[in-house]
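Chains as they are written, first to last, in this note's numbering: chain L, 1 to 268; chain A, 1 to 166.
Any given hint might turn out to be false.
[As the list claims (entries may be wrong)] Label-pair distances were calculated between CB atoms; the ranges are:
#1 Gly61(A) with Arg15(L): 28 to 38 Å
#2 Gly61(A) with Glu64(L): 22 to 32 Å
#3 Val246(L) with Pro10(A): 41 to 51 Å
#4 Ala150(L) with Ala86(A): 50 to 60 Å
#5 Pro99(L) with Gly145(A): 22 to 32 Å
#6 Ser19(A) with Gly155(L): 20 to 30 Å
#7 Glu177(L) with Glu21(A): 52 to 62 Å
#8 Arg123(A) with Lys144(L): 30 to 40 Å
#9 Arg78(A) with Pro99(L): 42 to 52 Å
[Unchecked claim] Straight-line C-alpha distance at most 20 Å; calculated EDC-like pairs for lysine to aspartate or glutamate:
#10 Lys2(L) with Asp37(A)
#11 Lys49(L) with Asp6(A)
#12 Lys2(L) with Asp32(A)
#13 Lys2(L) with Asp87(A)
Honestly, the hints are just simulated from the structure, not real lab data. Nothing here was measured: the structure is a model prediction, and the numbers come from that model. In this text, a Cβ means the ideal position worked out from N, Cα and C, and glycines have one as well.
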Amino acid sequence: MKPAAFDYVRADNRRQVVELLAEYGQEARIIAGGQSLMAVLNMRLAQPKLLIDINHVADLAYIELRKDCLAVGAGVRQAQLLARSTLMDEVPLLALAMPWIGHFQTRNRGTVCGSVAHADPSAELPLCLVTLGGEIVLESKKGKRIVKAADFFQGILTTDKRADELVVEVRFPLKREGITYRFREIAMRHGDFAIVSLAAAIGADQVELGIGGVADRPQRRSLPRGAALPDALNQTAWSLDAQDDVHASAAYRRQLIRELGHQLIEGV
Amino acid sequence: MRVTADQTFPIRLELNGRSREALAEPRTQLCDFLRHDLGATGVHVGCEHGVCGACTVLVDGVAMRSCLMLAVQGHERRIETVESLADDDTLSDLQQAFRRHHALQCGFCTAGILMSCVDFLERVPDPDETQVRDMLSGHLCRCTGYTGIVQAVLEVAAQRQTNKGV
Chain L
1 MKPAAFDYVR ADNRRQVVEL LAEYGQEARI IAGGQSLMAV LNMRLAQPKL
51 LIDINHVADL AYIELRKDCL AVGAGVRQAQ LLARSTLMDE VPLLALAMPW
101 IGHFQTRNRG TVCGSVAHAD PSAELPLCLV TLGGEIVLES KKGKRIVKAA
151 DFFQGILTTD KRADELVVEV RFPLKREGIT YRFREIAMRH GDFAIVSLAA
201 AIGADQVELG IGGVADRPQR RSLPRGAALP DALNQTAWSL DAQDDVHASA
251 AYRRQLIREL GHQLIEGV
Chain A
1 MRVTADQTFP IRLELNGRSR EALAEPRTQL CDFLRHDLGA TGVHVGCEHG
51 VCGACTVLVD GVAMRSCLML AVQGHERRIE TVESLADDDT LSDLQQAFRR
101 HHALQCGFCT AGILMSCVDF LERVPDPDET QVRDMLSGHL CRCTGYTGIV
151 QAVLEVAAQR QTNKGV
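Full structure from sequences and hints, please.
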């Protein structure tokens, strides 16, 4: 299908973007890579009055290594971040998970912040952000605020972002010493929506396990290692209110969390 | 740049090495603009939500879905479609290999796949089969089962490596 009619603004700077957002509120949508939004517009699931294109806002296309995080601006394409040669040393979970985002062709245009703002429950970047305990930086005419990933994602395609705010940056915490990072995903085909995706930050006695594709938003659980792990994984599997859908049953999703979770964490 | 819903905007872009201009509304998808306004009917439009890959073109040399871009976003960009590949009547090495390996049947998906391959082989000149299949996961082909496509891409990569060595 074709999108319903909308006004279009190619913004030059952030000031212009937040002023338009303040004026139009829910009637406006931001477009960056558009790899989710364009599909939504084409199917007329969204019919905004105004589309604000931020692809030409110059000071958003940055990747910055800071003391405790890797900060990624709203103009950065997924392919750009994935191609960063030091990514495995800085945020290994991203280097492991990002090849699973869509396809080569969509990563070329899709942005990191756009995926976070879209908040698909099966998306890899929100899962990484929640698992690592990252942050989202939002900007409006009134100023900036920083939201923790755990508070940002509120449900299917629903976030703490207000209608007058722009996601300007996401911050991924850096690799910690003594922690092993792993990622696994099961989908109908590579690049398709995850049936279950698991991201793990594994320590000697404890693991932070992130689960995507099951609940209405990415979830994180602290689990013990060793003999207590299978029970903890089983409880986790039952706690997520898994649903049947055309791709997989709820029981299969729970089984994947138990089995893949154990394989992922214990490496067996 | 601001264009209201009922206005058209004069879009200037480079299409397959030639400067082109035509009017488009803000809501016009890049794929439709290329086909209907500029006549590049090699751009095939399948699913219109970024899944099938048939409409893949190069934007400033990078493979992208033209159904997930607006015509206005193509303004002042360099676009290449499948029409750019052959040199008059001589097919490109990729096209010839596709033909040799029966890497197409109905041909609907082929234009998009070829454009992905152009970008992919620039960045990964010596891929293994897994990498080729990973790149192809962004395209749906209902005729070939992909085997011929994989063979064609691997053969062209090997040929180009050999030619480079000479």
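Hint check:
Between Gly61(A) and Arg15(L) the Cβ separation comes to about 32 Å, which falls inside the hinted range of 28 to 38 Å. Between Gly61(A) and Glu64(L) the C-beta distance comes to about 26 Å, which sits within the given range of 22 to 32 Å. Hint check: Val246(L) to Pro10(A), Cβ distance near 44 Å, so the stated range 41 to 51 Å holds. Between Ala150(L) and Ala86(A) the CB atoms are about 54 Å apart, so this pair conforms to the stated range of 50 to 60 Å.
A beta carbon spacing of about 24 Å between Pro99(L) and Gly145(A) agrees with the range 22 to 32 Å that was offered as a hint. Taking 20 to 30 Å as the suggested C-beta distance range, the pair Ser19(A) and Gly155(L) does not conform, at roughly 48 Å. For Glu177(L) paired with Glu21(A), a C-beta distance near 57 Å keeps the hint of 52 to 62 Å intact. For Arg123(A) paired with Lys144(L), a C-beta distance near 36 Å keeps the hint of 30 to 40 Å intact.
As the Cβ distance of Arg78(A) to Pro99(L) is approximately 27 Å, the hint placing it in 42 to 52 Å is violated. In summary, the hint linking Lys2(L) to Asp37(A) is supported, as the alpha carbons are separated by about 16 Å, within the 20 Å threshold. With a C-alpha separation of about 12 Å, the suggested pair Lys49(L) and Asp6(A) falls inside the 20 Å cut-off, and the hint holds. For the proposed pair Lys2(L) and Asp32(A), the alpha carbon gap of about 10 Å is at most 20 Å, so the pair holds.
At roughly 34 Å between alpha-carbon atoms, Lys2(L) and Asp87(A) are farther apart than 20 Å, so this suggested pair is violated.
When the structure is compared with the earlier hints, violations turn up for hints 6, 9, 13 and for no others.
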